[in-house]
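Novice: Chains as they are written, first to last, in the working numbering: chain X, 1 to 334; chain R, 1001 to 1335.
Hints are supplied without guarantee of correctness; some may be wrong.
Here's a subset of chain X near chain R, in silico, CB distances under 10 Å, partners left out [claimed, not checked]: (1) Ile191; (2) Asp279; (3) Pro280; (4) Met284; (5) Asn285.
Ranges between beta-carbon positions, derived for each pair [what the hints assert, rightly or not]: (6) X:Pro134 to R:Pro1106: 50 to 58 Å; (7) R:Pro1061 to X:Glu138: 44 to 52 Å; (8) R:Ser1043 to X:Leu22: 43 to 51 Å.
Covered, in the sense of this in silico footprint (three residues per stretch, anywhere, with C-beta under 8 Å from a C-beta of chain R), are these stretches of chain X [to be verified]: (9) 29-42; (10) 71-83; (11) 143-153; (12) 261-274.
None of these hints come from the bench; they were simulated from the model.
C-beta: ideal position from N, C-alpha, C; glycine also.
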Amino acid sequence: MPAPFLEVRELKTHFAVEQGLLFRRQAGTVKAVDGVSFTLAKGESLGLVGESGCGKSTLGRTILQLIPATSGCVVLEGRNLNALHGRELREARRDFQMIFQDPYASLNPRMTVFDALAEALRSHRKLTRAELRPRVVELMRTVGLLPGALNKYPHEFSGGQRQRIAIARALAVEPKLIIADEPVSALDVSIQAQIINLLAKIRREMNLTLIFISHDLSVVRHIADRIAVMYLGRIVELGAPEEVLGQPLHPYTRALLSAVPIPDPARERQRQRIVPAGDPPSPMNPPTGCPFHPRCPYCIEACKAVTPPLTEWQPGHSAACIRVREILDGTAVK
Amino acid sequence: MSALLRVENLRTYFHTRSGIVRAVDDISFSVGEGETLGIVGESGSGKSVACYSLLRLIPQPPGRIESGEARFGDCDLLHCREEKLRAIRGNRISMIFQDPMSSLNPYLRIGEQVIEPLLIHKLASPNDAFDLGVAALREVGIQDAAKRMRSFPHEFSGGMRQRVMIAMALITKPELLLADEPTTALDVTVQAQILELIRRLQQEHGTAVIFVTHDIGVVSGFCDRVLVMYAGRVLESGPTAELFYEPKHPYNQALQRSIPALHERGAELHTIPGAPPDVTQPIRGCPFAPRCEFAEEKCITSEIALKEVTTGHATACLRVQLGEIDLTPAAVAGE
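Construct the entire structure; sequences and hints are all you get.
Specialist: Quick look at the structure:
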């Protein structure tokens, strides 16, 4: 088997929480990402879903080396990114780009669209002013912006158009991997669909590898080849969208799915909800064993003792739960 | 069903340096006793402003209620004396907001805030109020309610804070609850808990609810009737099921088709081209016309009013009113 395009191995990102004004001492550790492993093939797209505080954004940023990993490694095309420093890392960064949630905050308000895109292009290759212009125009066309808007400033654009500029900027360096962190969450529904379609199109045409982070399962479904569900710093379920959404294995995925409102009144009224009790626990003080056990309807004694590893139960469909068999058979007692 | 609240021709404008923002531009609706009315729309559609206008919570200036009437019992909320409104606001009509973080006072204990409506409206003595506060917190599912009365807001999670807001809003047993995107800032699992809670309390107390949201999915399971707003106007209103299965306005139809569905995988999502109009400019005709696939010359040139086309189901689409287009899924599929 050839080496995967991207391999994330046992990645952990822990943050120290300090207390005290004068004599600072470590009060605890937030285990934002706590042992995540997965691989991605070239051109594949992974949807990373989970609720706020589950560590999905931290995972994205750690993969791109924006946050140092505590342990584990990220291997992109055979190169261990964690081992790179300074100039090497700067050069490697051209291969991976990020698109952020808030297009109002991620663009420099004092730069015109042309300046913003030209800066990104120049960091990639030496280009003369004459060569620059057609490249910028081409980028704008790719993301569906009119070249007439070249000399406008970000405040003159709507949220959806700004997100297009952010996408164009990410594409300027011809990256191989893009991580999009909640790229449509700040947008209205009618604009969301435009941006999702755009990302899907670009990915197809440029054979990009994409990690799409979102809290919204239905958005992810439209763009991902595989879905990873995160809970409290770990991946609890991983598989193709049809599998994960059609026949979820992990009780948390089931609960998450049943909580998503469906825009169909008849179906919505008939539905049985399995709403997990309480709030997600604090990642500073995670429960022992399975992180979901305090809220899980299927929890037994063993769940409190061991942290279940992500296990492949069906070809290409894994879950981190020790009771998957029983839950599938229907023999698991709640 | 008799109307608890009847709003007629409400117009709320903001007079800003860059022009007059017509945030709410002539809308009319009513809410029956115990009914749940959903108001859906995208950002800037005027749904929240409409809600705030009812309790005169719009900062004036720059905002101004230009015209309209909101009949609640024998009182016109928009024009009655301030004292009279104050006796209703937070008592017979209460409100919950989107962000439970910024709508609780960080300096005051939860208990003080929860019982404040009772004390202000002199509905209970301070001693009784404390007990009622504990009961209210217990009712919204807060463990250890008596002890939690002494906590501060920062000690609560987002979902718990929204529960406190609900307890506070419902402690006076209001006849009408205005909920402005109460679950937008919450995770889906917590959202499901909060919706379930509002629904249960509503049934127990017979409270009518106006539920403002941008999420058409939430509306589908939660509301009896829905208004769809766009650019400050109501484009369609009707019973929830009809709105979904028999859309009568192209905007509503397009909006539903552009939502990514959880259980069907479409190759490409339906998109609505363009962006919502600039409401600082007066809009002639239908505000959705520039983005509408069915638009014709007359959609832009004629004034269009919301008109009932079947019982209880009204649309502001001229071509649907004239019977020129049929937007029901069966008709669309048969094309």
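Novice: Now look at each hint and say whether the structure bears it out.
Specialist: Here's how the hints hold up against the structure:
Taking 10 Å as the C-beta contact cut-off toward chain R, the hint placing Ile191 of chain X at the interface holds, the least distance being around 7 Å. For Asp279 of chain X, the shortest C-beta to C-beta distance to chain R is roughly 5 Å, which falls under 10 Å, so the interface hint holds. The beta carbon of Pro280 of chain X comes within 8 Å of a beta carbon in chain R, closer than 10 Å, and the hint placing it at the interface holds. Interface restraint check for Met284 of chain X: the shortest CB-CB distance to chain R comes to about 13 Å, outside 10 Å, so the restraint is violated.
Of the supplied interface hints, the one on Asn285 of chain X is violated, with its beta-carbon coming no nearer than about 13 Å to a beta-carbon of chain R, more than 10 Å. In this structure the supplied range 50 to 58 Å holds for Pro134 of chain X paired with Pro1106 of chain R, their Cβ-Cβ distance being about 54 Å. As the Cβ distance of Pro1061 of chain R to Glu138 of chain X is approximately 48 Å, the hint placing it in 44 to 52 Å holds. Hint check: Ser1043 of chain R to Leu22 of chain X, Cβ distance near 46 Å, so the stated range 43 to 51 Å holds.
With 0 residues having a beta carbon nearer than 8 Å to a beta carbon of chain R, the segment 29-42 of chain X misses the requirement of three or more and the stated coverage is violated. Only residues whose C-beta sits within less than 8 Å of a C-beta in chain R count toward coverage, and the segment 71-83 of chain X has 0 of them, not enough to reach three; the restraint is violated. Taking a C-beta to C-beta cut-off of 8 Å, the segment 143-153 of chain X contributes 0 residues in contact with chain R, too few for the three needed, and the coverage statement is violated. Taking a C-beta to C-beta cut-off of 8 Å, the segment 261-274 of chain X contributes 10 residues in contact with chain R, enough for the three needed, and the coverage statement holds.
Hint check: violations occur at hints 4, 5, 9, 10, 11; the rest are consistent with the structure.
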